[in-house]
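Student: Given next are the chains, with one letter for each unit.
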Amino acid sequence: MSTFVSSKGNGPPFQGRATGPLRARCEVLQYRKIGKYHSITFVSPEMADRAEPGMFVTIGVEGHSTVLRRPFAIYQVSRHGPWAGTVEIVFDVVGEGTRWLASRVKHDTVDLVGPLGTPFPLPKQNVGCLLVGQGYGAAPLLYLAGVLQQRGFRADMIIGAKDADGIFNAIEAKRLSATTILVTEDGSLGEEGNILDVMDRHLDLGRTGLIYASGPMPLLRDVSGLAASRGVPIRVAVEEAMACGTGVCWTCVMPVERKGAVYNLRSCIEGPVFNGAKVQWDAIGALPVHDIPEPLPEDDA
Amino acid sequence: MSTVPSSRKARSAPVTPAEVDLRVQLDDMILRNPILAASGTFASGQEINRFFDVNRLGAVVIKSITMEPRPGLPTPRMAETASGMLNAIGLQNAGVERWLSLDYPWLVHHGVPIIASIAGRTVHEYRQVAEKLRGLEGIVAIEANISSPNADAGGGLFAAHPATAAEVVSTIMRVATVPVFAKLTPDVTDIVPIAHAAAEAGASGVSLINTVLGMAIDVETRQPKLAAGMGGLSGPAIKPIAIRAVHQIHSVMPDLPIIGMGGAATVEDVVEFMLAGASAVAIGTATFANPMASMEIVEGLPNWLAERGIRHARSLIGGVRI
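Which chain is which? The protein sequence lines are A and B, in order.
Under our numbering, think of the first position of the first sequence as 8, with each following residue one higher.
Under our numbering, think of the first position of the second sequence as 40, with each following residue one higher.
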């Protein structure tokens with residue numbers, strides 16, 4: 008029996024739904040720094056309406072010899088209030104695309120496609136949720152924490168980073184969760200150590216029925232392994248290099264087991280949220296398995 | 040540039056966008072417009088149909104199908120480069136049977152003209168796949184992908200030599216019930232004799248060009264950016280190579296229909312391909328950057344032509360002035 012329920016309902020996958028992605032030029036409502044990270048809030052009522060935690064947008068980089076869009080997890084959306092109809096993303100400057108993006112200012116317009124991908128499924132019954140994130144990978148978990156809080160679920164958070172600078176928005180995390188544990192490798196903020204140890208201890212408390220994780224692939228692999236060894240269901244939002252974000256290029260495939268067979272699923276359209284216990288972490292980057300991902304069996308966690 | 044004034048001079052009567060005739064004919068195949076979705080960049084069509092009605096394209100060239108399912112190559116499969124991207128997907132596909140049961144019905148139901156891209160490790164496999172497609176409603180042509188740089192190592196590319204290119208084409212011709220286009224690579228010393236051999240073997244036309252074999256290295260790790268080492272370069276970076284190939288072949292075989300592709304992303308790019316000699320133009324990597332790319336060209340082309348007093352898109356074909 009599934010412990011998760013899709014937050015979006017089960018419609019036909021592509022047609023006749025107001026939930027699909029859009030492409031639009033969106034105005035920058037706000038640029039701000041959150042710690043060492045950059046955040047941009049875009050005006051797009053349509054995307055805000057359709058977005059769910061775990062989904063992402065892709066952004067076209069202009070004025071460079073780059074040809075591909077850049078994917079960004081959605082950090083927050085606002086559907087109501089005076090600043091309604093906005094979508095916020097968080098990023099770190101890692102290359103020329105994000106450098107360009109970090110130089111956007113209020114009232115600039117930027118080319119967005121979204122929301123894309125599958126959202127985090129929500130718990131079916133009232134269980135304690137543990138949200139584990141590293142670096143700015145924690146951003147979509149804060150969005151999820153807000154949704155869980157609204158629906159009356161308990162959410163505990165573990166946010167880790169190399170050092171204090173890398174911890175994403177600890178204040179907001181504390182506001183949105185029952186407990187928040189910060190972990191840094193150098194001990195400059197919160198506990199010194201690694202996320203796995205803290206998570207291990209938290210699971211000992213016995214109040215975790217579901218785990219959500221977001222961050223770099225090695226973290227997701229380790230966290231998934233620990234969750235599996237404790238028999239706790241886990242959903243992870245993966246980061247795999249993708250060219251299109253829309254399901255047409257087949258660059259971002261991940262080996263995932265469903266119904267006893269391993270399929271090469273696209274992170275952009277069948278993901279980015281996967282059952283961490285079913286991802287074949289050791290097979291990533293190896294020769295793909297021979298099974299092909301269609302028709303897709305239902306996720307059977 | 041003098042193109043705009045000179046074409047304005049040639050204008051006889053004003054033309055409105057609504058009057059522009061976008062239809063093109065390639066052998067027996069008549070397309071409502073010359074804009075196609077390039078193989079491998081459009082998946083099954085349903086993904087992009089979330090953004091626009093894909094039935095408005097001239098045709099969809101499906102991602103290459105093979106007889107048996109192919110797992111493709113390891114990740115990372117993609118690396119961005121200046122004005123282009125490298126890919127090494129390795130023809131991942133579910134095989135012709137599953138394509139027929141899963142993707143084909145959707146395309147037929149939506150009335151999308153299908154150009155079936157087929158691939159194989161052996162000449163026999165091309166024939167087997169072509170046999171499976173015989174007489175099927177909605178399939179308007181076969182594109183024989185004999186030039187994928189990500190095809191299995193060992194045999195080399197069928198499109199690298201006139202004799203092997205001809206052998207694949209003539210084998211497909213024995214069973215095909217629709218026009219067959221041979222998709223060629225520019226990674227050869229001279230592409231003209233290969234196109235000639237394909238035509239002699241019965242190909243209705245050629246598709247030009249497949250991706251160009253390339254490589255990128257991460258200078259920190261000193262490893263190739265693609266798991267496969269090398270891969271196919273696509274995008275604006277390769278457009279001049281594609282225009283050159285189209286022009287070369289159209290110059291010596293003006294009656295051989297050409298589907299042009301390689302970096303086309305705008306209305307002007309499509310016009311350029313047609314002036315070089317293409318009768319239709321497939322949009323590829325541009326769809327990754329903008330899922331609406333091909334539709335925006337379909338919508339923009341009539342305006343571009345009307346502004347210049349051009350009533351028939353087909354009149355552009357081979358119109359380069361040398």
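It is possible that part of the hints are untrue.
To be verified - Pairs of lysine to aspartate or glutamate, EDC-like flavour, derived with a Cα cap of 20 Å:
id: 1; chain 1: A; residue 1: K40; chain 2: A; residue 2: D170
id: 2; chain 1: B; residue 1: K264; chain 2: A; residue 2: E246
id: 3; chain 1: B; residue 1: K264; chain 2: A; residue 2: D172
id: 4; chain 1: B; residue 1: K264; chain 2: A; residue 2: E103
id: 5; chain 1: A; residue 1: K43; chain 2: A; residue 2: D118
id: 6; chain 1: A; residue 1: K169; chain 2: A; residue 2: E264
Claimed, not checked - Derived coverage of chain B by chain A (criterion: at least 3 residues anywhere in the stretch with Cβ under 8 Å from a Cβ of chain A; other residues may be distant):
id: 7; region: 90-100
id: 8; region: 219-226
id: 9; region: 277-287
id: 10; region: 326-337
Simulated from the structure, these hints should not be mistaken for lab results.
Model, not experiment: these values are computed from the prediction.
Where is the CB? At the ideal position from N, CA and C, for every residue including glycine.
Student: All hints are to be evaluated individually against the structure, with a verdict given for each.
Tutor: Now the hints, each set against the structure:
no.: 1; hint: K40/A with D170/A; in the structure: 17 Å, holds
no.: 2; hint: K264/B with E246/A; in the structure: 16 Å, holds
no.: 3; hint: K264/B with D172/A; in the structure: 30 Å, violated
no.: 4; hint: K264/B with E103/A; in the structure: 17 Å, holds
no.: 5; hint: K43/A with D118/A; in the structure: 24 Å, violated
no.: 6; hint: K169/A with E264/A; in the structure: 32 Å, violated
no.: 7; hint: 90-100; in the structure: violated (count 1)
no.: 8; hint: 219-226; in the structure: violated (count 0)
no.: 9; hint: 277-287; in the structure: violated (count 0)
no.: 10; hint: 326-337; in the structure: holds (count 6)
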